[in-house]
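Chain by chain, the residues:
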Amino acid sequence: MRPTVRFLSDQLIEQIIAEARQLLCKLGVEIHNDTVLALLGDHSARIDNSAQRAYFTPDIIDRSLQAAPDSFRLYNSLGNEAVDLSDMNVNFTPGSSAINILDHESQHSRRPTSKDYVKYTKLMASLEHIASQSTAMVPGDVHEMISDSYRLYLSLMFCEKPVVTGAFTIEAFEIMKELQLAVRGSEKELAERPLTMFSCCPTAPLKWSNVTSQNLIDCARYSIPVEYISMPLSGFMAPITLVGSLVQHTAETLSGLAISQLTNPGTPVLYGGSPAVFDVRYETTPMGDIGTMMMDCAYSEIGKHLGLPTQAYIGLSDAKLLDAQAGFETSMGATLAALSGINNVSGPGMLDFESCFSLEKLVLDNEICGMVKRMVGGIEPKEDFPSLPRFEELLREGHLLISEHTMKYLKEEVYLPGPTIDRANRSRWQEEGSRTLGERAAEQVETMVAQHQPVGLSDTVLSDLTSLMEAEARRHGMSRLPEIR
Amino acid sequence: MDTLQRLSENMQKGNADQVARLTQQAIDEGCEPKTILDDALVGGMAVVGEKFKKHEIFLPHVLLAAKAMHAGMDLLKPLLVKDGIPTIGKVVTGTVQGDLHDIGKNLVGIMLKGAGFDVIDLGRDVSPEKFLDAAVSEKANVIGMSALLTTTMPVMKKVIALAHERNVRNQLKFIVGGAPMSKEYAQEIGADAYCYDAVSAVESVKRFMGAH
Numbered sequence: 001m002r003p004t005v006r007f008l009s010d011q012l013i014e015q016i017i018a019e020a021r022q023l024l025c026k027l028g029v030e031i032h033n034d035t036v037l038a039l040l041g042d043h044s045a046r047i048d049n050s051a052q053r054a055y056f057t058p059d060i061i062d063r064s065l066q067a068a069p070d071s072f073r074l075y076n077s078l079g080n081e082a083v084d085l086s087d088m089n090v091n092f093t094p095g096s097s098a099i100n101i102l103d104h105e106s107q108h109s110r111r112p113t114s115k116d117y118v119k120y121t122k123l124m125a126s127l128e129h130i131a132s133q134s135t136a137m138v139p140g141d142v143h144e145m146i147s148d149s150y151r152l153y154l155s156l157m158f159c160e161k162p163v164v165t166g167a168f169t170i171e172a173f174e175i176m177k178e179l180q181l182a183v184r185g186s187e188k189e190l191a192e193r194p195l196t197m198f199s200c201c202p203t204a205p206l207k208w209s210n211v212t213s214q215n216l217i218d219c220a221r222y223s224i225p226v227e228y229i230s231m232p233l234s235g236f237m238a239p240i241t242l243v244g245s246l247v248q249h250t251a252e253t254l255s256g257l258a259i260s261q262l263t264n265p266g267t268p269v270l271y272g273g274s275p276a277v278f279d280v281r282y283e284t285t286p287m288g289d290i291g292t293m294m295m296d297c298a299y300s301e302i303g304k305h306l307g308l309p310t311q312a313y314i315g316l317s318d319a320k321l322l323d324a325q326a327g328f329e330t331s332m333g334a335t336l337a338a339l340s341g342i343n344n345v346s347g348p349g350m351l352d353f354e355s356c357f358s359l360e361k362l363v364l365d366n367e368i369c370g371m372v373k374r375m376v377g378g379i380e381p382k383e384d385f386p387s388l389p390r391f392e393e394l395l396r397e398g399h400l401l402i403s404e405h406t407m408k409y410l411k412e413e414v415y416l417p418g419p420t421i422d423r424a425n426r427s428r429w430q431e432e433g434s435r436t437l438g439e440r441a442a443e444q445v446e447t448m449v450a451q452h453q454p455v456g457l458s459d460t461v462l463s464d465l466t467s468l469m470e471a472e473a474r475r476h477g478m479s480r481l482p483e484i485r
Numbered sequence: 001m002d003t004l005q006r007l008s009e010n011m012q013k014g015n016a017d018q019v020a021r022l023t024q025q026a027i028d029e030g031c032e033p034k035t036i037l038d039d040a041l042v043g044g045m046a047v048v049g050e051k052f053k054k055h056e057i058f059l060p061h062v063l064l065a066a067k068a069m070h071a072g073m074d075l076l077k078p079l080l081v082k083d084g085i086p087t088i089g090k091v092v093t094g095t096v097q098g099d100l101h102d103i104g105k106n107l108v109g110i111m112l113k114g115a116g117f118d119v120i121d122l123g124r125d126v127s128p129e130k131f132l133d134a135a136v137s138e139k140a141n142v143i144g145m146s147a148l149l150t151t152t153m154p155v156m157k158k159v160i161a162l163a164h165e166r167n168v169r170n171q172l173k174f175i176v177g178g179a180p181m182s183k184e185y186a187q188e189i190g191a192d193a194y195c196y197d198a199v200s201a202v203e204s205v206k207r208f209m210g211a212h
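Chains as they are written, first to last, in my numbering: chain A, 1 to 485; chain B, 1 to 212.
There may be inaccurate statements among the hints.
Here are the simulated lysine-lysine pairs, DSS-like style, with alpha carbons at most 30 Å apart [to be verified]: (1) B:K113 - A:K207; (2) B:K51 - B:K82; (3) B:K51 - A:K115; (4) A:K320 - B:K183; (5) B:K90 - A:K115; (6) B:K67 - A:K207; (7) A:K207 - B:K206; (8) A:K320 - B:K90; (9) B:K130 - B:K158; (10) A:K115 - B:K206; (11) B:K51 - B:K157; (12) B:K51 - A:K207; (13) B:K139 - A:K320; (14) A:K320 - B:K130; (15) A:K207 - B:K54.
What the hints contain is simulated information worked out from the structure, not anything from laboratory work.
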């Protein structure tokens, strides 16, 4: 049996959805994009152009829900299936768009450079339990107008895993699409084998900016998957109650779904989000708050009820260093996410309210993800019945270390984490230098990066990617890209 | 208990109706408007700020107190103007061009007003020209800029550059805030203070005005 957790009854889910639908139809959504307003107007939504507000109809919502696929897959840069976003499958991806990196040497947070990013993406290539890469950091050494596309470029150059990403401007979508076409060869191939997924965020409460709503349309036109990242802040920009915040999250997410599906019915989407309980003491948005995690799991239940695959920013921490808080908040989140069957879990590597990335934490989190994935494998009999012969063998041999049954099921039944998670006895741990978790993780980062192998893309594709990126950089006044070797 | 003390206590508890009533009562009793402002209202907000820092009260309570203070200020303001007492400071606030995220900025505005400052809120998506035009025409002391996006943060630098260009940089202090901001970034773009929350924004402005 696959273990699961539920926070909402079916009845409560249906009530939340009904209330959200009413918000969309009665209060409407503020959308700062004339194309999107016109699109909704064409489908009989009432539009108040002066207030930039669209009032949805039940028909628009129903049709969007019917059109959206219940699952889809992401493919790596070589075209092989890498991420299965269906049913209760759980896939991990690093947290995204940190503006800082935790420097292991100084233990200070600083702006990431292109070299940091390359190190990250090389590391990502080796992390077994993290299925896709994300554009995890914003390099500070390139022009801000290419800081989104440049991340995608570096990711494609050094790691084959699909990329969870996003555009910071409307204009950036074009180059980000071109980079993908350079890898896939054609629009048809890109649509059939999605390489990236774009995060698109409404603004709380019930608003879409010009950029993010245009990103939805642009992605839909090329069947590039998107994940909606609605961010109600309980008690501040959303009701204090988790149910009230879930109503808002549902409404904002359904409004995004409608924009995507009306643009291109059947375009792949994830029912995602990044809600948070607002901390009234520090004016912060803790991702490690237990209420935040409960909301993530609950809206995933709502998404699944609506027949959609899901995503959440969960399994990350608000700690500033790789400390006990970082470990426990990440583990709690990752465990709950997996039990909820959230299909794309965005979190590993992230600290400090989604603002600071740590390569050492990423390595630790990879092991946490391994443990969690083992957990959702559940407890199943594996030639365990009848049990009598096994116990006869145990009594006869005195142990089962080399039993055929042990050899057959050892790898499948037992997940062995490490080397970041410590399982040595004290004497051996001392003999190996009494190293802290941070020291073990840092060493593992260096080891994995040193083992990096070039990606399998042809030299022509790699050279095309570089030409595209260089042209984009020149367009923004950068004569050349930063040194990354 | 005298009127000013009751006024201060009611303001700290966020009882806006009582604050309006007691402010009027203090005026009727012949209290100087400046004394009511300093002793009861500004003094009361200082207590609220201290309690917030110690986690004895939380942000919602601070906001309620600030809003209650507005109720008193509405009555005092015309009298202060009549007495020729200058405002303690004027702040122009706005979310920078390209950015729709105004919650942090709104919070700062409420708290600044609560601390007795005049606030000219330019809203969101505010261009550098609009910031400077307003600051000059309103004779503001401080410009407060907010951004939530890494792509809109650079607008802040443009606003400060424009102040230099127009030769008004020395007359103005710049405070900046928002999720992607940092002290280092604020220094890099030449801002006078990075404010990590609304209360720290008020403290910065108070510091600037004290120095004036």
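Verification of the supplied hints:
1. A distance of roughly 27 Å separates the Cα atoms of K113 (chain B) and K207 (chain A); the hinted pair therefore holds under the 30 Å criterion.
2. Distance restraint check for K51 (chain B) and K82 (chain B): the Cα-Cα separation of roughly 34 Å exceeds the 30 Å cut-off, and the hinted pair is therefore not satisfied.
3. Distance restraint check for K51 (chain B) and K115 (chain A): the Cα-Cα separation of roughly 45 Å exceeds the 30 Å cut-off, and the hinted pair is therefore not satisfied.
4. About 16 Å separates the Cα atoms of K320 (chain A) and K183 (chain B), which keeps this hinted pair within 30 Å; it holds.
5. Restraint check for K90 (chain B) and K115 (chain A): not satisfied, since their Cα atoms lie roughly 45 Å apart, outside the 30 Å limit.
6. For the given pair, K67 (chain B) sits about 26 Å from K207 (chain A) by alpha-carbon distance, which is consistent with the 30 Å threshold.
7. Of the supplied pair hints, the one linking K207 (chain A) and K206 (chain B) is violated, its CA atoms being roughly 34 Å apart against a limit of 30 Å.
8. Taken as a hint, the K320 (chain A) and K90 (chain B) pair is broken in the structure, with Cα atoms around 36 Å apart against an allowance of 30 Å.
9. For the given pair, K130 (chain B) sits about 12 Å from K158 (chain B) by alpha-carbon distance, which is consistent with the 30 Å threshold.
10. At most 30 Å may separate the alpha-carbon atoms for a hinted pair to count; K115 (chain A) and K206 (chain B) exceed this at roughly 42 Å.
11. Taken as a hint, the K51 (chain B) and K157 (chain B) pair is broken in the structure, with Cα atoms around 35 Å apart against an allowance of 30 Å.
12. A C-alpha spacing of about 35 Å is found between K51 (chain B) and K207 (chain A), which places the hinted pair above 30 Å, so the restraint is violated.
13. Proximity of K139 (chain B) to K320 (chain A) is assessed by CA-CA distance (about 41 Å); at most 30 Å being required, the pair is judged violated.
14. The straight-line distance between the Cα atoms of K320 (chain A) and K130 (chain B) is roughly 37 Å, outside the 30 Å bound, and the hint therefore fails.
15. At roughly 35 Å between alpha-carbon atoms, K207 (chain A) and K54 (chain B) are farther apart than 30 Å, so this suggested pair is violated.
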